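Chains as they are written, first to last, in the numbering used here: chain A, 1 to 72; chain B, 73 to 295; chain C, 296 to 520.
Calculated from the structure, these hints are not laboratory results. Being a predicted model, the structure only gives us computed values, none of them experimental. Idealized CB from N, CA, C, for every residue including glycine. Misleading hints may appear alongside valid ones.
To be verified - Cross-link-like lysine-lysine pairs, in silico, DSBU-like; alpha carbons within 35 Å at most:
#: 1; chain 1: B; residue 1: K81; chain 2: A; residue 2: K3
#: 2; chain 1: B; residue 1: K81; chain 2: B; residue 2: K289
#: 3; chain 1: C; residue 1: K347; chain 2: C; residue 2: K317
#: 4; chain 1: B; residue 1: K212; chain 2: C; residue 2: K347
#: 5; chain 1: B; residue 1: K174; chain 2: B; residue 2: K81
#: 6; chain 1: B; residue 1: K212; chain 2: B; residue 2: K76
#: 7; chain 1: B; residue 1: K212; chain 2: B; residue 2: K282
#: 8; chain 1: B; residue 1: K212; chain 2: A; residue 2: K3
#: 9; chain 1: B; residue 1: K76; chain 2: B; residue 2: K289
#: 10; chain 1: A; residue 1: K3; chain 2: B; residue 2: K282
#: 11; chain 1: B; residue 1: K282; chain 2: B; residue 2: K76
#: 12; chain 1: B; residue 1: K81; chain 2: B; residue 2: K282
#: 13; chain 1: B; residue 1: K174; chain 2: C; residue 2: K308
#: 14; chain 1: B; residue 1: K289; chain 2: A; residue 2: K3
Stated by the list, open to error - Over the 12 Å line for every Cβ pair with chain B, so calculated as not near, a few chain A residues:
#: 15; residue: S5
#: 16; residue: S8
#: 17; residue: V9
#: 18; residue: I16
#: 19; residue: L51
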Amino acid sequence: MRKWSVISVVYILALILLWTYTGRVAMENRGFVVTGYGVTWGALLWYTFRLNSRERTTARAVESFEVVGAGE
Amino acid sequence: MGPKTVVEKTLGGLALLAMLAGSYVGLAVVPADAAQGNVQRLMYVHVPAAWLSFLAFFVVFVMSVLYLIQRDPRWDHVAASSAEIGVVFTVVTLLLGMMWGKPTWGVFWTWDPRLTTTAILLAIYVGYMALRSFADDAEKRARWSAIVGVIGFANVPIVYMSVTWWRTLHQPPSSPRSVAPDILWTLMLNLAAFTLVYAYLMVRRIRLSKLEGELEKRMAYNA
Amino acid sequence: MHMLRRAWAIVWKDLLIEARTKQSFNAMVFFAALVLFIFSFALGPDTELLQKVSGGLLWVGIAFTGLLSLSRTYQNEETSGGLEGLRAYPGDPRAIYLGKLLGNIVLLLLVEAVLFPAAGILFQANLWPYAGGLVAVALLGTVGFSLVGTFYSALTVNLRAREVMLPLLLFPALVPVLLGAVNATTLILEGDLMGEAVVWLRVLTAFDIIFFVICIWIFPIALEE
Chain A
1 MRKWSVISVV YILALILLWT YTGRVAMENR GFVVTGYGVT WGALLWYTFR
51 LNSRERTTAR AVESFEVVGA GE
Chain B
73 MGPKTVVEKT LGGLALLAML AGSYVGLAVV PADAAQGNVQ RLMYVHVPAA
123 WLSFLAFFVV FVMSVLYLIQ RDPRWDHVAA SSAEIGVVFT VVTLLLGMMW
173 GKPTWGVFWT WDPRLTTTAI LLAIYVGYMA LRSFADDAEK RARWSAIVGV
223 IGFANVPIVY MSVTWWRTLH QPPSSPRSVA PDILWTLMLN LAAFTLVYAY
273 LMVRRIRLSK LEGELEKRMA YNA
Chain C
296 MHMLRRAWAI VWKDLLIEAR TKQSFNAMVF FAALVLFIFS FALGPDTELL
346 QKVSGGLLWV GIAFTGLLSL SRTYQNEETS GGLEGLRAYP GDPRAIYLGK
396 LLGNIVLLLL VEAVLFPAAG ILFQANLWPY AGGLVAVALL GTVGFSLVGT
446 FYSALTVNLR AREVMLPLLL FPALVPVLLG AVNATTLILE GDLMGEAVVW
496 LRVLTAFDII FFVICIWIFP IALEE
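Same shape as in the complex, but just chain A:
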């Protein structure tokens, strides 16, 4: 969970940095370029962290069955 928030903060900082940079080099259509790269990174990061949490919950569920099985 803490890793999640750190990554989110870094992600938003990177977006702000990118926005300032594209402004300084006066990139035309910077809104589209920044959104495009932001969406790509956002989707891949989001999916990776979804995998993390899904794996954690599934592993916990598997273990809980192990305990029940051992008791029998």
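Using the hints provided, position chains B and C relative to the given structure of chain A.
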């Protein structure tokens, strides 16, 4: 849970580094395209995302055929994982296409053959995933989704051709210009980065898939 | 030969039940007519506009009506458990697919035989001069629709939420059929000055052949225990 083995950690680290390098070069190093200007920088992530989604669905097809022949659950895990990652890449591809289309064509969406085919591809594999979520029995789910994986992929060229004909009755398809070397290099770098990301996500997703299979087995056993 | 006879037995059985009860046919015709009506209301009473989009309206109507009949494809086996009922038929499972496929094609073509003239009257278009072309499109389009439809409805028959799953799987797969049928119909109704309709008839034919081979080949796997 996070990455487990050294190989996996290395793969993940490499993928992250390559993505960072690819985005950096694409955004800040390579000069703006002469004809399209800076919007063209979106191509460096759009084209790799599109390629990887096709690759991912091709893997689904191969694994589906393998499953139907050998009936080994391993192939089903790989196919399911590749389908899900492919859907993520397809959504990214479509969103990037819109980001590129608005300043270039003035609209977010146009019935361009490739764009349209990609959207239909998304619909086919969302159906594939929905079928998986509705089937309760592991063996039947694997068999049925393998069938959909085969039929869905066999349809892709026919869909593409029919959509192309549908459009080109009105407008000729644009032929690609010759590509400048630095554009090509940036594209290659990003393609390598996306391929690493795909490989890393596959390793993670296949492990999750096996874990889910294990959970299903235990639930059935205890029920 | 043996397989064809078995397939024919299934067609005969299902069509006989249908002829005695008319449980699907009446509902389908009524439903298809309603779809045409609703589209006409939605688009307004502009006859010229309606004529221009009539190809699309017709095939959307056929697609929805076909979906309705597909979900009832295996209803005669419903009491014996859907897929289990199908497996109980003796012999090659491909015969079952062929039989159900033919039954669906015949039923849908019968509905179209009512629907096309009805559309001609509603949209004030004289269809007679184009009858030959329209029959060809209807045949090829219906075969394509039924090929994939019969297959996917077998796959989803015992599934939870099959009412959602069937269109979700079917419609993306049918994109070439719908594009081909709609464009061919529209071109034929416009007089087909450039001879472009033939391209679409070829698309439909190619789709039919490819999916006939795939579905026949894979159906036994879908039906496995």
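Hints versus structure:
no., hint, in the structure
1, B:K81 to A:K3, "holds, 16 Å"
2, B:K81 to B:K289, "holds, 29 Å"
3, C:K347 to C:K317, "holds, 34 Å"
4, B:K212 to C:K347, "violated, 46 Å"
5, B:K174 to B:K81, "violated, 39 Å"
6, B:K212 to B:K76, "holds, 31 Å"
7, B:K212 to B:K282, "holds, 16 Å"
8, B:K212 to A:K3, "violated, 38 Å"
9, B:K76 to B:K289, "holds, 23 Å"
10, A:K3 to B:K282, "holds, 25 Å"
11, B:K282 to B:K76, "holds, 15 Å"
12, B:K81 to B:K282, "holds, 19 Å"
13, B:K174 to C:K308, "violated, 57 Å"
14, B:K289 to A:K3, "holds, 32 Å"
15, S5, "holds, 16 Å"
16, S8, "holds, 16 Å"
17, V9, "holds, 17 Å"
18, I16, "holds, 14 Å"
19, L51, "violated, 5 Å"
Checked against the numbered hints given earlier, this structure breaks hints 4, 5, 8, 13, 19; the rest are met.
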